[in-house]
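*Asks:* The chain contents come next:
There are 2 protein chains.
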Amino acid sequence: MGQKPITFLRQVLALCSYPELLEDTKFPEDAKKRARRILEACGGHSIGAYSASQGIECIRQDVARYIEKRDGGISSNPDNIYLSTGASDAIVTMLKLLVCGEGRDRTGVMISIPQYPLYSAALADLGAVQINYYLDEDKCWGLDVAELKRSLSEARQHCNPRVLCIINPGNPTGQVQSRQCIEDVIRFAKEEHLFLMADEVYQDNVYAEGCEFHSFKKVLFEMGPEYSSTVEMASFHSTSKCYMGECGFRGGYMEIINMDPEVKAQLIKLVSVRLCPPVPGQALLDLVVNPPQPDEPSYATFMKERTAVLAALAEKAKITEQIFNTVPGITCNPVQGAMYTFPRITLPQKAIDKAEAEGQAPDMLYCMRLLEEEGICLVPGSGFGQREGTFHFRMTILPPTEKLKIVLQKISAFHLRFTQEFS
Amino acid sequence: MGQKPITFLRQVLALCSYPELLEDTKFPEDAKKRARRILEACGGHSIGAYSASQGIECIRQDVARYIEKRDGGISSNPDNIYLSTGASDAIVTMLKLLVCGEGRDRTGVMISIPQYPLYSAALADLGAVQINYYLDEDKCWGLDVAELKRSLSEARQHCNPRVLCIINPGNPTGQVQSRQCIEDVIRFAKEEHLFLMADEVYQDNVYAEGCEFHSFKKVLFEMGPEYSSTVEMASFHSTSKCYMGECGFRGGYMEIINMDPEVKAQLIKLVSVRLCPPVPGQALLDLVVNPPQPDEPSYATFMKERTAVLAALAEKAKITEQIFNTVPGITCNPVQGAMYTFPRITLPQKAIDKAEAEGQAPDMLYCMRLLEEEGICLVPGSGFGQREGTFHFRMTILPPTEKLKIVLQKISAFHLRFTQEFS
Numbered sequence: 002m003g004q005k006p007i008t009f010l011r012q013v014l015a016l017c018s019y020p021e022l023l024e025d026t027k028f029p030e031d032a033k034k035r036a037r038r039i040l041e042a043c044g045g046h047s048i049g050a051y052s053a054s055q056g057i058e059c060i061r062q063d064v065a066r067y068i069e070k071r072d073g074g075i076s077s078n079p080d081n082i083y084l085s086t087g088a089s090d091a092i093v094t095m096l097k098l099l100v101c102g103e104g105r106d107r108t109g110v111m112i113s114i115p116q117y118p119l120y121s122a123a124l125a126d127l128g129a130v131q132i133n134y135y136l137d138e139d140k141c142w143g144l145d146v147a148e149l150k151r152s153l154s155e156a157r158q159h160c161n162p163r164v165l166c167i168i169n170p171g172n173p174t175g176q177v178q179s180r181q182c183i184e185d186v187i188r189f190a191k192e193e194h195l196f197l198m199a200d201e202v203y204q205d206n207v208y209a210e211g212c213e214f215h216s217f218k219k220v221l222f223e224m225g226p227e228y229s230s231t232v233e234m235a236s237f238h239s240t241s242k243c244y245m246g247e248c249g250f251r252g253g254y255m256e257i258i259n260m261d262p263e264v265k266a267q268l269i270k271l272v273s274v275r276l277c278p279p280v281p282g283q284a285l286l287d288l289v290v291n292p293p294q295p296d297e298p299s300y301a302t303f304m305k306e307r308t309a310v311l312a313a314l315a316e317k318a319k320i321t322e323q324i325f326n327t328v329p330g331i332t333c334n335p336v337q338g339a340m341y342t343f344p345r346i347t348l349p350q351k352a353i354d355k356a357e358a359e360g361q362a363p364d365m366l367y368c369m370r371l372l373e374e375e376g377i378c379l380v381p382g383s384g385f386g387q388r389e390g391t392f393h394f395r396m397t398i399l400p401p402t403e404k405l406k407i408v409l410q411k412i413s414a415f416h417l418r419f420t421q422e423f424s
Numbered sequence: 002m003g004q005k006p007i008t009f010l011r012q013v014l015a016l017c018s019y020p021e022l023l024e025d026t027k028f029p030e031d032a033k034k035r036a037r038r039i040l041e042a043c044g045g046h047s048i049g050a051y052s053a054s055q056g057i058e059c060i061r062q063d064v065a066r067y068i069e070k071r072d073g074g075i076s077s078n079p080d081n082i083y084l085s086t087g088a089s090d091a092i093v094t095m096l097k098l099l100v101c102g103e104g105r106d107r108t109g110v111m112i113s114i115p116q117y118p119l120y121s122a123a124l125a126d127l128g129a130v131q132i133n134y135y136l137d138e139d140k141c142w143g144l145d146v147a148e149l150k151r152s153l154s155e156a157r158q159h160c161n162p163r164v165l166c167i168i169n170p171g172n173p174t175g176q177v178q179s180r181q182c183i184e185d186v187i188r189f190a191k192e193e194h195l196f197l198m199a200d201e202v203y204q205d206n207v208y209a210e211g212c213e214f215h216s217f218k219k220v221l222f223e224m225g226p227e228y229s230s231t232v233e234m235a236s237f238h239s240t241s242k243c244y245m246g247e248c249g250f251r252g253g254y255m256e257i258i259n260m261d262p263e264v265k266a267q268l269i270k271l272v273s274v275r276l277c278p279p280v281p282g283q284a285l286l287d288l289v290v291n292p293p294q295p296d297e298p299s300y301a302t303f304m305k306e307r308t309a310v311l312a313a314l315a316e317k318a319k320i321t322e323q324i325f326n327t328v329p330g331i332t333c334n335p336v337q338g339a340m341y342t343f344p345r346i347t348l349p350q351k352a353i354d355k356a357e358a359e360g361q362a363p364d365m366l367y368c369m370r371l372l373e374e375e376g377i378c379l380v381p382g383s384g385f386g387q388r389e390g391t392f393h394f395r396m397t398i399l400p401p402t403e404k405l406k407i408v409l410q411k412i413s414a415f416h417l418r419f420t421q422e423f424s
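Sequence order for the protein chains is F and H. First residue of the first sequence: 2, per the numbering used here; consecutive thereafter. First residue of the second sequence: 2, per the numbering used here; consecutive thereafter.
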C-alpha cells in the first residue's frame, strides 16, 4: 500500500540480525543502544535463540512501562504480559484457555456483529458457541448495553456464556468507543461474570475529532477497586497496525488482569507448547513500546515518519467517508479509527433475486462484479456478519491518497452502473 | 551454547530488514542477490508485509527444488509446501486437521516412547488418544514393526488409530533409522491406512559412521507407485536445527503427499486463521534451502562455518557416548544423530523408594539433586516416557566441547556420589 517502513525500527532490526553492524558509523547511537539492549536480553546475545515462552523478560518490562504511561500511571506487572505471534495468536490462545464444556454447558463467547472473522473461525475450531451482539449502525456502530443483555439472555437458553469480546477501535466498522460506553460494558461484564477480551490493536489509529482511545484497563481501574480487583480481562496489542504496519514480523502482546493463579498456570503451559513467539517480532515490539525520545538522535526523523503515516491515514479516513456519502445508495459512517470503512449499500431487488437464485450472498455478487469489472477487491459484508436484509462491504483506507481517490471514484461509478443494470 | 550464527544468513536478514544496506559495499554480492530476490517476492517489497498464509510462493518453490535435490530428483510440488512458524506449528496444525471423533471413534495417534513432549501436549490439547509404541533401547533405540503392530492392535480396542508419528533422527533418543526400517514402517502404514507424520527436523544432523539420513518421501517413492500414489504423508523441517540453530526466527515448512484435495482445502482454511508465518523466518528458510553456491563469493566462508558447526557436533556426540559409558550405572547408546543423548541410569532401590515416598519420579529426584549440587539441568526420562522400571535423562550435546567435557565429568561424579549415598 506504499507505506514506507519506519527507519528507526528497521535499523535496529538490521543491527540485531547482524551485530557486526554495531561497528558501523552509519547507524545512529540510539538505534545501536536499543539493539545492544535487546541482544543482551537474548539467549547467547542472539535473536536466533529461543526466548522464554512468555517472551523476553526485559521486553515484557518495557511493555508494562508503556502501558503504565498510556494509562496515566496505573500499574502494570510484567508477569501479566505475554508476548505473542501477532495479536491473532494471543486471541486464539486466550479463547482456547477459556472454552470448555459440552452440550448446554458449552462455553459461549459474545462477539460483535459485524465481526473480524478470526473470532468466528477460532470459535468454530474450538467448538465454542458464537453469541452475536449487533452494533448499531445508526449510531455510528455504537455498542448498546441493552443489545448485550438481549443477546446474553437468549444465549443463556442453550449455552454457558463466559466471555465478552470487544474490538475497539472497531474492525471492520471503524468506530471508537466512548468512555461512557466502556464503563457500561465493564459494569455489564462484572454483573454477568464475563471474562472481557479487549481487542485494542488499533489503539493508536484514532482520527475523528472528539474521539479518543480509552483503554479498557484504564477505565476499569478508574471505576474503583470494586471493579479493578474483580473483573477478569485480557487486552491485545500488535505491531501490525498504527504507524508501524509491520504485520510480517508477527509481533504482539496481551496483558491479563485479575486472572486466577491456577488458570494462569494453565496459560503458561499452553504458550509453552509452541516454544516461543518469533524473536524478531519481540524485538520490534520492544521498539514500538520504547521509541526514540526527544533527546535522542533518531527522534526527529522518527516523529516525522510516524506523524506522516498517521496524518495520511486520518486524511484518507475523511476522504473515504466524504466520497462514499455523495453516492446515492451508499451510506458510510465516519471512519473514527482503525483502517477500514464498512459502508452500507442499497442493492436493487433484482440483484438480490439473481444472487439468491445462484446461491450467492447478494453483496458477494456485488463484490465479484466489481472485481471483474474494475480489478478492485472488497470483502462482502456477509463475511463479517450484518443485520438480515442489509448489505455492506469492507474496504481498507490504506492505499496511497491519490490511488484511494481513484478507487473510491471507480467504486462509486460501479455502484451507479450496478444499480441501473438491476433496476 | 556458544554456537555462532552463520554470517551469510545474518547478512541477508539484515539486508532484508533494512534495504538501504543494499548500497553498502561491505556486503557480498550473493547476499545482496538473495535479499533482492526475497524482497521482490514480498508484498510491497517488504518483509514487514503479510505473506500468503501458505508462505511466499518463490520460497515454496525453492523449498520444492531443495527437496528434489535431496531426494535424488523425485519431484516436489510447491503447492504441497506449507511454510510454518517453526516445525511445532506445522505439527500441531497437521494433528488438528487429522483428529476428530468422540468416544471409541476418537482419533488415535501413534507416537514413539520416548517421545518429544510437543506430541503428548498437542494430543492432550486436541482430545486425541495417545498411542504409545516403544523404541528398542537394546537395539540403539530402533523401531520394530512388531511393536507397532502390538501397539496398534491394542489401541484398536478403544479408539480409531489414524496417524503414525515418527521422529527421525530421533528426539530425545538420537537414533538414525535405517532404510530398511523406513520401508517397513511405510508398508505398515499402507496396510493399516495410517497417515504418516515424519518429523525430520534433524535430517542434517547425522554423525555416526555408517548412518545416513533417508527421507520418508524418497523411500516411499522408491517403493513404487503402489506406495507413492497411496500413502498419505507429511514431512516437517525447521530452521532451528542442523548448522543453523536459528530457533528464535521460528522458520519451518511441511510437505504433504497424497492428501485428498478436500482435506487440503480445510488445511488452507486452518492455516489462514493465523494470517501468515513470520516473514523473517520464511526468508531465513529460503537461505537454508538455497545456500551459497561454489561460484559465489560467500561460499568459502559459508562452508567453513557450516562444516565447523557440524564437525563439532559430531565430535561432541562421540565424546558424550564415550564418557558416559565409562561410568558404572550409566549406559548410553551412540548419538547417531540429532542433538541429544538419552542415557539409561541405574538408580539404587533406596533412591527409588525415597522418590516414591515423596510422590516424585525417581529420575526427577536425580535431576533435581544434580541441579542443586552442580547447577546442571537435565530433563528426567519420565518427561519423555520410558519403559516401566527404567530411568533415563535427556541431555543436549550442544555446549562447547571443553565445557561439555566438564559437564560430562561432573554428571559422572555426581552419579557415583548419588549411587553411593543411596546404597
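Because the hints were derived from the structure by calculation, they are not lab data. Everything numeric in this text was worked out from a predicted model, so none of it was measured. Be a bit skeptical, because a hint or two may be false.
Identical copies carry no separate label here, and so any pair may be met within one copy or between two of them.
[What the hints assert, rightly or not] Taking lysine-lysine pairs in the BS3-like style, the calculated list, with each CA pair at most 25 Å apart, reads:
(1) Lys-5 / Lys-319
(2) Lys-97 / Lys-404
(3) Lys-5 / Lys-33
(4) Lys-406 / Lys-34
*Asks:* Taking the hints in turn, state whether each one holds.
*Replies:* The hints, checked one at a time:
1. For the homomeric pair Lys-5 and Lys-319, the shortest alpha-carbon distance inside one copy (21 Å) is at most 25 Å, but the shortest distance between copies (51 Å) is not.
2. Proximity of Lys-97 to Lys-404 under the C-alpha cut-off of 25 Å is found in neither arrangement, the shortest distances being 41 Å within a copy and 42 Å between copies.
3. Taking CA atoms no more than 25 Å apart as the test, Lys-5 paired with Lys-33 passes in both settings, with 21 Å inside one copy and 20 Å between copies.
4. For the identical chains of this complex, Lys-406 and Lys-34 are neighbours neither inside a copy (42 Å) nor across copies (36 Å), given an alpha-carbon limit of 25 Å.
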